[in-house]
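If you read the sequences in order, they're chains Z and F. Under the working numbering, the first sequence has 109 at position 109, and the numbering climbs by one with no breaks. Under the working numbering, the second sequence has 1407 at position 407, and the numbering climbs by one with no breaks.
Just so you know, the hints here were simulated from the structure itself, not pulled from any lab data. One or more hints might be untrue.
Computed footprint of chain Z on chain F; a stretch qualifies when at least three of its residues, placed anywhere within it, have a C-beta under 8 Å from a C-beta of chain Z [to be verified]: (1) 1224 to 1231; (2) 1240 to 1247; (3) 1334 to 1341.
For each residue, glycine too, the CB sits at the ideal point set by N, CA and C.
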Amino acid sequence: MLAMNKFRILGIAVVTIAASIVTTSCNDKRSTGWEYAPNMYEKIAFDPDQKNPNFKDGKTAQLPPAGTTPVGFTRFDYPKTTEGYNQASIEVKSILFNTSKNIEDGKALFMTFCSPCHGKTGQGDGTVVAHGFPAPPSYSKGQSSRGGAMKDLTDGKIYHTITYGLNAMGSYASQLSPEERWKVVMYVHHLQTL
Amino acid sequence: MRSISLIFKQFSRSVLLLACFTVWGISAKAQGDAAKGEATFKSAGCTGCHKIDTRMTGPALGPTLASETDDKWIASWVHDSQALVKAGDKKAVKIFTDFGQSVMPSFPSLSDGDVADIVAYVRADWKKIQDDKAKAAPAGGAVAEDKGPSDLVVYALIGVIVIALIIILVLNRVTATLERLLGSKRLLPEEAVVAEGAAVEADKYALVKRILKNKKLVFFIIFCGTIAMGSWTWVALWNTNVHQGYQPVQPIKFPHDLHAGVMQIQCQYCHSGAFKSKNASIPSLNVCMNCHKVVKTESPEIHKIYDALGYDPATQKYDSLKARPIQWIRIHNLPDFAYFNHSQHVKVGGIKCQQCHGPVETMKEVYQYSPLTMKWCIQCHKRTDINMKGNAYYENMIAVHDLIKKGVKVTPAQLGGIECGKCHY
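Sequences and hints are given; from them, build the entire structure.
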């Protein structure tokens, strides 16, 4: 009788422990798990990439109204055409001084935003190109598709291309602010001499 | 006589062979050398704007050159397309306007022979692509048919199995009843069933009663139950609102391991907000289009981007009326009562993204790596060294502390007390 009880006790203990492990450790990675007081966790102050029922299209990130200029924003009023490109080449000059800090910043920005295609030394041999993206011309040796050597590209031309994109290259206006674009232009000028 | 005819035969053979070779050579020259053309196509920079089978910056060359047979015109276009456009050549003007007035650079260095080589290569390659497609089409059909049994077949099979089980059970019951009848001839069938049922009921209660009598056992069961429930409550409370390991299914299967891992695109290329704002920001679709306007244009996942943008890859035009935002599912969610700023950590603190987000460059699907609890934040804030060099705020602080050590009076102005925002916020 005693032996039987022991057996039973042991069995029940094993079952309860197993059950508690199963109920607590079973974690569904597709679910956030238990939530308490969710009203304290869900954002009331909208983040830019959040849904927003207050706008007609349901987005928080709204475009500025047409024809307005945000405070502190530098306008670039040259159209996305070859004429605009040539006009910018003549009229637009960098607004930044050629300091080592600016070039350093320009290099960091170039590495993040440009080097995937243009390569770390601007030869058009980035990692994305190695995976099938059409190679851009080298800054120092290549020919521009709009005529002339890449090494002769002016401030205005490079700025115009960063702002609007060209051929397979897209516009970087949403990723680089005007000042950041000028820093990148500065570093590209350095790469043209390589 | 015989020898003369033999000599003549051999001579005529060699002449014929020579003639054949020259004809073949001339025809090959006229058509262009595809192998040479391929090399020129890749080295002259054509691939920057053209693909054989799809439209890129310029037209898809395969179908265009298959329909355009005037090789002389093609050569003059390649040498100086703008001259043709300015001269008012109808074909040239049409291409120029159809492709957003982007100018094809002039290639005066390519000879007529080089252009013919390229044209030969493009036509041969386009033919090959179409042949492959034609071959793949019936094979694709066979694959589609061979998808495995249809749903109907599966349901029918399950139905048959269930019916078979029911039949087996019924038959079992019948044989059991028959056996009982044979075994206890004295009892009537109904009596036997009733007696058995009562016996089972009595047995059940007996067991419960016996267990309840054993106080040690009752105590042990309650004890185990309390421990189990207690530990479950403990773990559940600790994990409430902690989303560590959360890995939701995203609307587009974006592989971070390919983009950030294999291709080594930096995190901030897409999450550029991490440099300059509180929010690291989910990239808007124009960032995807920086590359995917050109690469992987056939993938169904990329077509989800096109659909969301209202973009038509065939005409490369956007229709804003069809555009709708993609609803990515937020993984990392700090509670609304906690303020966190990405730029403060990434730009000022110089922390690598991976320290908090884990090895994202190896994740096919992103999951939450860190618990993002207050304890976790505090722990890092207690252990991290501050790099004060080059940081105006901390350098000022050190300078002020040096003044204190020297016994000089320190005013609020020196600690930022007359910053505009201190009063006018």
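>> For a quick check of understanding: which of the numbered hints are violated here, in increasing order?
In response: none
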